[in-house]
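J.: Line by line, the protein sequences are chains A and B.
Just add 1 to the spot in the first sequence (first one is 1) and you have my numbering.
Just add 1 to the spot in the second sequence (first one is 1) and you have my numbering.
Worth flagging that the hints you see were computed from the coordinates, not collected in a lab.
All the given hints hold, so there is nothing to weed out.
Treat identical chains as interchangeable: a pair holds within one or across any two.
Below, a list of computed lysine-lysine pairs in the DSS-like style, where the Cα atoms sit at most 30 Å apart:
#: 1; residue 1: Lys10; residue 2: Lys113
#: 2; residue 1: Lys219; residue 2: Lys870
#: 3; residue 1: Lys881; residue 2: Lys219
#: 4; residue 1: Lys192; residue 2: Lys869
#: 5; residue 1: Lys545; residue 2: Lys870
#: 6; residue 1: Lys869; residue 2: Lys542
#: 7; residue 1: Lys727; residue 2: Lys192
#: 8; residue 1: Lys869; residue 2: Lys219
#: 9; residue 1: Lys741; residue 2: Lys391
#: 10; residue 1: Lys347; residue 2: Lys790
#: 11; residue 1: Lys219; residue 2: Lys862
#: 12; residue 1: Lys870; residue 2: Lys139
2 protein chains.
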Amino acid sequence: MHFRDSKRKVDYVLAYHYRKRLPRHPPGVGSPEPTRRSLSLALVSNGGTGKGRAELQGQDGGQHALQERPGLEVIDLSPLDALEEEKQLQREEYERNLMEAGLEIEKDPENKSQGLCFVRIHAPWQVLSREAELLKIKMPTKKVYEITEEGGILKTLNDIWCKLTEPLQPEVPQPENTKMKSLSYPFSREKIYLYNIKDKDTFFDNATRSRIVHEILKRTSTKSRNSMGIGTLIANNVYEAAYPLHDGEYEGQNGDMNERKLLYREWARYGAFYKFQPIDLIRKYFGEKIGLYFAWLGLYTEFLIPSSVVGIIVFLYGCITIESDIPSKEMCDQRNAFTMCPLCDKFCDYWNLSSACTTARASHLFDNPATVFFSIFMALWATMFLEQWKRLQMRLGYFWDLTGLEEEEEETCRKEQQATSGEHKGFDKKTPKKPKKTQKHPKAIDAKEKLTWTDRIPGYAANFGLILFMISLTFSAVFGVIVYRITTAAALSFSTNATTRSNVRVTVTATAVIINLVVILILDEIYGAVAKWLTEIEVPKTEKTFEERLILKAFLLKFVNSYAPIFYVAFFKGRFVGRPGHYVYVFDGYRMEECAPGGCLMELCIQLSIIMLGKQLIQNNLFEIGIPKLKKLLRKLKDDRTEPKEMDTNHSKDPQQWDLDYILEPFTGLTPEYMEMIIQFGFVTLFVASFPLAPLFALLNNIIEVRLDAKKFVTELRRPDTVREKDIGIWYNILSCIGKLSVIINAFVIAVTSDFIPRLMYQYAYSQNGTMHGFINHTLSYFNVSHLKAGTQPENSLFAQDVLFCRFKDYREPPWSQNQYEFSKQYWAVLSARLAFVILFQNLVMLLSVLVDWMIPDIPKDISEQIKKEKSVLVDFFLKEEHEKLKLIESFIARDKQKHKSGTKGKRHRAASFSQLSRSQKGSVASFSSQHTEV
Amino acid sequence: MHFRDSKRKVDYVLAYHYRKRLPRHPPGVGSPEPTRRSLSLALVSNGGTGKGRAELQGQDGGQHALQERPGLEVIDLSPLDALEEEKQLQREEYERNLMEAGLEIEKDPENKSQGLCFVRIHAPWQVLSREAELLKIKMPTKKVYEITEEGGILKTLNDIWCKLTEPLQPEVPQPENTKMKSLSYPFSREKIYLYNIKDKDTFFDNATRSRIVHEILKRTSTKSRNSMGIGTLIANNVYEAAYPLHDGEYEGQNGDMNERKLLYREWARYGAFYKFQPIDLIRKYFGEKIGLYFAWLGLYTEFLIPSSVVGIIVFLYGCITIESDIPSKEMCDQRNAFTMCPLCDKFCDYWNLSSACTTARASHLFDNPATVFFSIFMALWATMFLEQWKRLQMRLGYFWDLTGLEEEEEETCRKEQQATSGEHKGFDKKTPKKPKKTQKHPKAIDAKEKLTWTDRIPGYAANFGLILFMISLTFSAVFGVIVYRITTAAALSFSTNATTRSNVRVTVTATAVIINLVVILILDEIYGAVAKWLTEIEVPKTEKTFEERLILKAFLLKFVNSYAPIFYVAFFKGRFVGRPGHYVYVFDGYRMEECAPGGCLMELCIQLSIIMLGKQLIQNNLFEIGIPKLKKLLRKLKDDRTEPKEMDTNHSKDPQQWDLDYILEPFTGLTPEYMEMIIQFGFVTLFVASFPLAPLFALLNNIIEVRLDAKKFVTELRRPDTVREKDIGIWYNILSCIGKLSVIINAFVIAVTSDFIPRLMYQYAYSQNGTMHGFINHTLSYFNVSHLKAGTQPENSLFAQDVLFCRFKDYREPPWSQNQYEFSKQYWAVLSARLAFVILFQNLVMLLSVLVDWMIPDIPKDISEQIKKEKSVLVDFFLKEEHEKLKLIESFIARDKQKHKSGTKGKRHRAASFSQLSRSQKGSVASFSSQHTEV
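Just chain A, same shape as in the assembly (with noise of 0.2 Å):
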């Protein structure tokens, strides 16, 4: 964890790969060598006793080495070779620049013909306050100052749910005193005194050190090779890796106790599903932004619990009515025997409702009136959810001081730019105009200058080419699914088996959902690098605006490509069927497939939850578990193979911090986490109307879907460069869209989908008695056998003697009508109702949404009156700083007068001039007070 001096801590490290060249070149010559070691030497003893001369030295070594060696062996070397020279030299002007920053370097000797090296950087005092200004890091400063807490019941309320959430607490260390809050405020090194520093060594903590030494590393850059900072070197693996340290190990009892070990005991532990989450802990470990996350993921798995809650009584309410539902007992009732029309042509035969009865039975499990309700009060949940996050997102920016951060865009322009644009050259000829300015002056863009307009088209363009492409490409592959579903049922359908034959829906729907899921995760894995490569083309100026691209067309891509087939069950099968004797077909003799006599709310039903769960069972938890130590398995293998054995000695003997960290996975961001979660929150509000146990799975999910994130963050990733974020950003976005869209999509649910509104309908509007009874009868319209065309009639058929008509499910006028089968009364009126209950639905819940957001103010009423205190606390803070510098240059200059009084009497005229400064401008001579108490 520190330099060989064991002072200086590690902030950060730099790895990368090293290879001599082989003694081809005349041995003779052979000087380089021992040069660069002594220049790693000079650089070992930097930051000792003569710092600005052994730095100037080690430059100038590295200089003269630099001018050497070209003249030298440029004839000699392999064009594998010289890339590594290159290589090398990058990595040598680096190196320099980073101590000319101010960092301090020490670095392993490379004494073997090949292999890892680590550069461990070091920040000092110096270097840090000078950044920390410059970064306008927020510090606390001596003054604090309590936190008013509300008093009456909300506070007696808050107590007893502390108690009673005692045992779900995690054990990690809380500040001495909870009601007191330090107030921070900008590091300044002209207000040193302000600070509260009992140690510059620790001041600054292990995520604000690395998170510095990180800025100067993005920022500096090695002016002969064009490349702006450690992102571009990276990229052009001049450098292997470049991380911040761990805190320690994260096991073994016996160590003391570091931040990362009791991180991993009150929360990287599948033990400790039940605890509330450490934030403020992770915060300081990994920063704002992933500390966001997990509060967000938190506080969403909370939400969670009072919305399963109602699912399962929803789903339970099912159950129990089962018994009393009328129309599934009279579908089941064999006395009614509904003859219906064959499913297919020529080989079905006609047959028996009743034989549906299972069907019928499970839909009413989740097609019931308690359903409506649910999903009014989902949509309320997730305005609620947001409203709630908003608050806890100010609560969080309150405490982590996080009010007054300023957006910083111009500096973070995107990294990676550069090397983008030297790997895309396959994208020249589609693209031509901007990838060869990119390679005119690949700096320039870098830098400042704008791509007009014109440049900018054809990459939009191909961005939207591509991506209705791939939409179509999403859709083609649900299509497919259908046409597979049609084929297969129709040959299952000629199969002599009897036991195949009635299972032919089963058989056909489980499959189809399989393949559908398949796809789903294959084109999820396509679609996550072809939105990350349309956006590199799209070259946005900034680090922010290219995360907020990727994730928005990711996100597109994603979610069309997880609803698609759920959308066309939900709303479009069995709706382009048409009727007996003019059945649309799709190809020839295959007839378009129809929904299940319960209604097709029982097979959307299947449809999402087993993408559902597929989804989250395979692609987050398998994948997130299962890639990961694959990778590391297989990095370990070449690793292996390619280092020869004289490193193992060195590594097995006593691993340092950096090498452990080394062969973690590197960390690639938060938008993977968030996508898989906003994409389960579509699950959980888009159609809970169909599927009220949604919440309960996404729950469950949850649950492990937090430790395991912990775990990955806490054992097998690298430390992430800490990053301050004040919110989640376009997430936010994302979030309300989806609750928006919630709303008109679970009513057409409920009223396309569901057999709700034909049900309410037929009791008060066409039951004989205003009950249920009679119901199916009513939505079976009639259909006169001999209108059947020739040769689709049943073959073989048991009945066909004793069949005169028989029923489909539609609401059509009767054979024996003036308009045979075309839509009766019935049909347009339950339309009529079906459209107007969207439209109810639809505002109604917008206006409760609305309601609920403008009730609930956005920041918390205490948390707004502590930003307030805050505020006023600052300024007397300041205040009276000033004045106490300001009677001590008082007294200050009080005793300079007296002892310029016994002094000579040339000096009397400074003292007045000083006593005459501080009577009449008193409050404005602090500033110069404090440097007298300083020096």
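Position chain B relative to chain A; hints supplied.
T.: Leaving out everything else, chain B in the frame of chain A:
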């Protein structure tokens, strides 16, 4: 405009009426009068040479007077005199406190037995700079920077636009260089060297000066009487008025130009109606809040131009296509003898549809396919308008330096609160808790003590109840008009006069609408007062919440009031008629009213246009011009009556600015102006589908309105206190709500009120040949005359014997059908189509609005760049200033050193410490040095 010394500017004026005690008490004692006179003389002399002393003298004198008087006169004072005396004491204390706060005061001697007295207040530089620092008023610094303009096509277009609109630009002096902006920074006395102070008397402009004085007036309290600031004093009639002075006269060519005159000439005349508004000048003169109002009004008016143009085109389209419109042709065709069922029982005869030809043709003007397009257009227009306003607001905020404006809510407690608690004693019985408390500790509430929840409940309950009551009052008024219409129509149709009978509909509609209008106008005034009263009993904490709640309540009431009759006509009229033979009766024998044969849209259109135009003409213009004139006249009459002749001589000889301004009306806030415009915005957007000319009328009204308001502000009102606001507050939210509401309302108007959907349905579903021929026949149902109930058959019918079937407008089964007179299949089909249209329209338009909202960034790109630039320029500027100071101090120290060297050796120690200081901590010496340069 100045004190008697013609130097010190009058920044604020307080006016009061005084009444001397009549010489009832022993004339020998008469010392108070000279005392008071000496006091006022002392006051006048204050601010002269012997500042501090004179003040104390005057104060002492006053206190003596205070102590003397009660003992002397307490016996022989009438109650009226006692009140006068009390006020006199309060005034004296208040003015003394103002002087203590540093203000300078000049007062006329009270040398008559009663009369008007002006207290003129001047704020010296000391006070101004102190308060400017306290209020963080941003002032321009010396630094100016260039505003980078966008290049390319945009600039060219902008130039062309500027050139084209040059004649429309008001001729106000522009700042010399519009491309430069001086950097503003909150005023700070410490950093006074930063600001560009040419003359301390003019550095703060008149508006800022009066704002500062107003702040002091608000803050200063008279402790002995528990009053908080000028607001309470005015409410308690201690002072009559408090106002800043106008800049001079607005008329007269000869005098030198002042800003008021400039405003009058270039802005506040009807002759200038075609010009743009000089927004910057308005802001400078009236402050940001009023500036924002006019900017908003201007933008709204500009936005009305395109919408009126499109509206006219839509109307013209209706005019042009009227001849080719088949339904109206069919209706007018005498050959199609549609015999319609009688419109009333017994007295009405069967009638021929062709007699309603005119209405049908008129309907087509507003009810054509272009209307659908227009209402989509208007929904997007509203979104665009709001987006543009956000942008304009940001732009103005940038140029007016409002960007960093913080909300300082805590301090602006409601000033009238105390006065209120005294006034509304009648309220005690209803909500016993609150006012009791108020009376016990009237001050406590003003200051800090929070009203608990239980204290507030009665207020809220009263609010809720009264608002409900008011709304039901509105509804009953609407219902009353309906009853009037039904009964009058019935009464008129009994008439034997043929012309009366033929004009029944026109007469009834016209009179009813006028009654509606009158009711609206009356209730509007009542509601305004009620809303204010309701908000007062709620006791909101701050001025801002008071305003917001008042606006919300007033808006709610006025909105319901204005729109209830229109909503009735649009959605309810003619929907509860029943059918021939089964009519719905309101009272015994009075049938529910139905729409004209052309549809209700025509009536909606009439209703809308009359209410809109009537409201605008009568309320906005007549009231706005007439009432102030009337009030002025009344006041003048009253003043003439109460004030004896002796004043006249004084007045006439040389009216000072404060005399002139006193005669003007006080400024009572922008709420009525905004309210008027918002209600108009509602007319323009909410029912635009039925009245495409609404934007045109609104435009015409607004062109007048702008100048009318301008004239009012410049010539008829006292100068308002300038208020800094960075946005239009709650009005924006109301506008955006109206915008959202308009989508759904227009969807319903098109779908339900207009005949758009039935026509579409007929053309594409029912028509034999795809044309509209036969549409009228299709919409009319048959009724078998013999089914009419006994006693409802027309008496004295001309056709009775020929008529077997009469027709009525509805989709019902014919008499020969099985379910005679039930709703037909067409009815349900059309209803489905209508509802589907609503869903489609609403979601489409909402989506488009979201897209527009998303595509137009809230902050204009150039402004956000400027703001960023300003920040960096600010930092640079500071650094540079500091650097210069540093150099200065270095040279100073160097000189000092030299001096010291040449002096005695004892000083060496100090010099060394200084030089060390300057070397090691250069960055922070600057403020010290700034002292030195000034000393």
